[in-house]
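Enquirer: Okay, here's what each chain looks like letter by letter:
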Amino acid sequence: MFTYYLDLALRSLKRNRMLTALMVLAIAVGIGASMTTLTVTHLLSGDPLPGRSQHIFYPQVDASPAGYSKSGPLDMLDYRSAVDLWSAHRADRQALMAGSEVKVRAPDTTLPPLMVPMLATTSDFFAMFQVPFQYGTAWTAADAASRARVAVISSDLNDRLFGGADSVGKTLRLKDSDVRIVGVMKKWRPSPLFYDVRAGRFAEGQTSSFYGKPEDVFMPFFSGLDVNDGNFWQFTCWGSVPRPGHLQDAPCVWVGLWVQLDDAAKVADYRAFIANYAQQQKQLGRFATTQTRMPGLMEWLVFNHVVPSDVKLQTWLAFAFLAICLFNMIGLLLAKFLRRSSEIGVRRALGASRGAVFAQCLVEAGMVGLVGGIGGWLLTLLGLWLVRRQPVEYADLAHLDPGMFGLTFALAVAASLLAGLLPALRASRIAPALQLKTL
Amino acid sequence: MQIQPILAALRRHRLATALIALEIALACAVLCNACFIIAQRVSAMHIVSGADEAALASVQLTGYDSAQAADVDARALAALRAVPGVESVSPINSIPFGSRRGTAGISTDAAGEHFGGVIEFYVGGPGSLEALGAKVVAGRAPQPDDFRAFTGFMPDGGSVQITRALAEHLWPGADPLGKEFWSLKSHYRVVGVLKDLVRPDPTGWTPEQRQWSVFLPAQPGPYLTGSYLLRANPGDMPRVMRDALAAVAKAVPEVVIDREASQSVSDLRHDVFKNDRVMAAMLVGVIFAMLMVTALGIVGLASFWVQQRRRQIGIRRAIGATRRDILHYFQTENFLIVGGGIALGMVLAFALNLVLMKHYELPRLPLYYLPVAALALWVLGQLAVLGPALRAAAVPPVVATRSV
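Same order as they appear, the protein sequences are chains F and Y.
Its first residue numbered 1, the first sequence is counted upward by one per residue in full-length UniProt numbering.
Its first residue numbered 1, the second sequence is counted upward by one per residue in full-length UniProt numbering.
Source of the hints: derived by calculation from the structure; they are not laboratory data.
Incorrect hints may appear among the rest.
[As the list claims (entries may be wrong)] Taking beta-carbon pairs under 10 Å as the criterion, some of the chain Y residues facing chain F (in silico):
(1) T62
(2) G112
(3) I257
(4) A281
(5) L296
(6) Q307
(7) L352
(8) V355
Glycine included, each C-beta is placed from N, C-alpha and C at the ideal position.
Please work from the sequences and hints to get the whole structure.
Expert: Printed below as a string of structure tokens:
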């Protein structure tokens, strides 16, 4: 029966090519616009560490003076609190991190010096965030303890400096120090770059910078602070900084601490631990408040409104647009079905039940949806290509993954079936006698 | 033209009529708000900077220590000033639409109780305010002894020029001259008012905050090097910039020139608003596609109605209706349906605007958008219905005598 309906639908669609083309076009354009924006939203609001993000937390305490930070702790830690919490080793894994720009020269090449972003971090970073390696490995705990001059570099920097060859063991000149490369990362593109997300709630929705690429150079935390001393960025300060860029003893927050806690008991323990720490520091007179916060990774992303407001706005608009396309299609399907009233009357008179007419009409609507889905898929590819050409940080992420590919067709067929419901119902209610009389 | 028979006919096609009207209503709501957002973005892009943008460029050097700063600064300045066509080179920490280095919170009392907001300190050496071209509308421009030593994060206070917008925010209605404010225990006294001076990063702030800037005079020192404001004849700017960057690369080969930040201020402005341009372009695309789909929908349904009513049209023609009458019939019908849609659409447009105001800090939709959108949709409807209506008018009276 279904194949018969398919055949009937095909005949009917062929009979009025103009109307069919209009419907397919409407559904294709609507699906194309909404899937393009939905794909971008999906890519930007996804989990950067699938399967692990629930174990990753971002503890915060507050060393700022009374009244400085009224809405909870500041987004980063001061040096002393960060190092205290980190060296207590209360979490399963933990990484300190501080950002700066570093001047890079490769002595083996003739390239002019570059400035690249560097992350000074501790060795758990790579295991905790499951960073893939192309060549070599992360530095060892012994390297970190001896403040060895070693570094891991990104695949981008490896391509730029060494043409993508295995550069493990080669030397980089970072600022004024020679640093040995111990590892080269594979292409790694967490979206967003979650460990650098902060201050999103003050960004007025302009958060596309959270989707940039990871740093190009990673160094052990304390060696990194030595090597690039004088170039570190503060998040904010509440007093003057005697030597800008050297923040270890400055009244500033600038260090991030991420921890991995594998079960709920450990999470509760860690919360108690930072609360105790804040209490103790207040008693010592170093803290003015005992406020703490420890959001999980996804919670932190939501807190920072990571998805740019323009992207959300575009998604809403695209769905309003899809709704317009649907209304359009309902109207056209209605016209199409009712135009065939006499034919439907004959079928009904020959014994087709209302259900059969209804089913046949829906099959026809579904077929329009399927063809429109192909058009929508092509338009989505075009839309994503346009997004990739835009000068925004997340441009290179805009690709259609298999899930969204499937969703394109599912949405197209579902939308057209929904649009077909009302016209099909109308068509199935056609009184056979009235139609036969007019013949 | 009689409207009564048209309404009677439409009553027989309630569902299809309602669908077209709903489509128009949604299109009206989206059209008004999308156009409004575009207008907002375009006006943001045309923000007044208060600086002579066309005549200005930024040169940014990094990759050297504070110990080398004096030497690097001297060589870079000498090289830049020797470039033919360069009118002046002055050290300044932040650049309109460019580098941002002086963002700090201020308070209007020494104890820090009355928070005044987060503002931008343009810390500049002698000649930099003149080079910027920012107009002093009250009080005075910096005098030679206003330029203080700059050895830390910020000079330790001084006499400053603030923008009108910031003055109005801090001391509404009062004369800002002689007023004081504090930041990180440093104390500043207002001696001049600037007409405008935009923040380096206006897009990250609310419209009100975009002009919250202060000019703070400072002596060049280790922390006021590597960031230069270059002034040249606007027509000559591309050549001057090319020569200037080549001269710096030769004079101080050991430093890194931040090429992305070393551009003319006009180019920097272009980059700052890239997100807004993308958004506006995307909205234009959506509006275009939406209007096209709506028009095609009208064409489709009108064609169907024309075909369905061929006999009735024939009968009307046979009993004396002219082609013009038939044409007008379909045009009026479309006008009525679109009109109904627009009436509902205006309500929807306001509802959508309320939602956007709540979630995206969009201002209230100005009322004049509604008649403009209504007119646009009416024109669109008439254009879309013209083809089917002409076909209807071409139906010959003889159709009335045929059975099918």
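Enquirer: Given Y/T62 as an interface hint, is the shortest Cβ-Cβ distance to chain F below 10 Å?
Expert: Constraint on Y/T62 satisfied, holds at 5 Å.
Enquirer: Holds or violated: is the Cβ of Y/L352 closer than 10 Å to a Cβ in chain F?
Expert: 8 Å, holds
Enquirer: Taking 10 Å as the limit, does the beta-carbon of Y/A281 come near enough to a beta-carbon in chain F?
Expert: Where the cut-off is 10 Å and the nearest Cβ of chain F is about 8 Å from Y/A281, the hint holds.
Enquirer: Using Cβ atoms only, decide whether Y/Q307 comes closer than 10 Å to chain F, and label the hint accordingly.
Expert: It holds, given that the least Cβ distance between Y/Q307 and chain F is near 7 Å, below 10 Å.
Enquirer: Double-check Y/L296 for me: the hint is only fine if its C-beta lies closer than 10 Å to a C-beta in chain F.
Expert: 5 Å, holds
Enquirer: With a cut-off of 10 Å on the beta carbons, see whether Y/V355 makes it to chain F.
Expert: 8 Å, holds
Enquirer: Hold the hint about Y/I257 up to the distance rule: shortest CB distance to chain F must be less than 10 Å.
Expert: 9 Å, holds
Enquirer: At a threshold of 10 Å, is the proposed contact between Y/G112 and chain F supported by beta-carbon distances?
Expert: Since the shortest Cβ distance to chain F is 8 Å, the answer is holds.
Every hint from the earlier list agrees with this structure, and none is contradicted.
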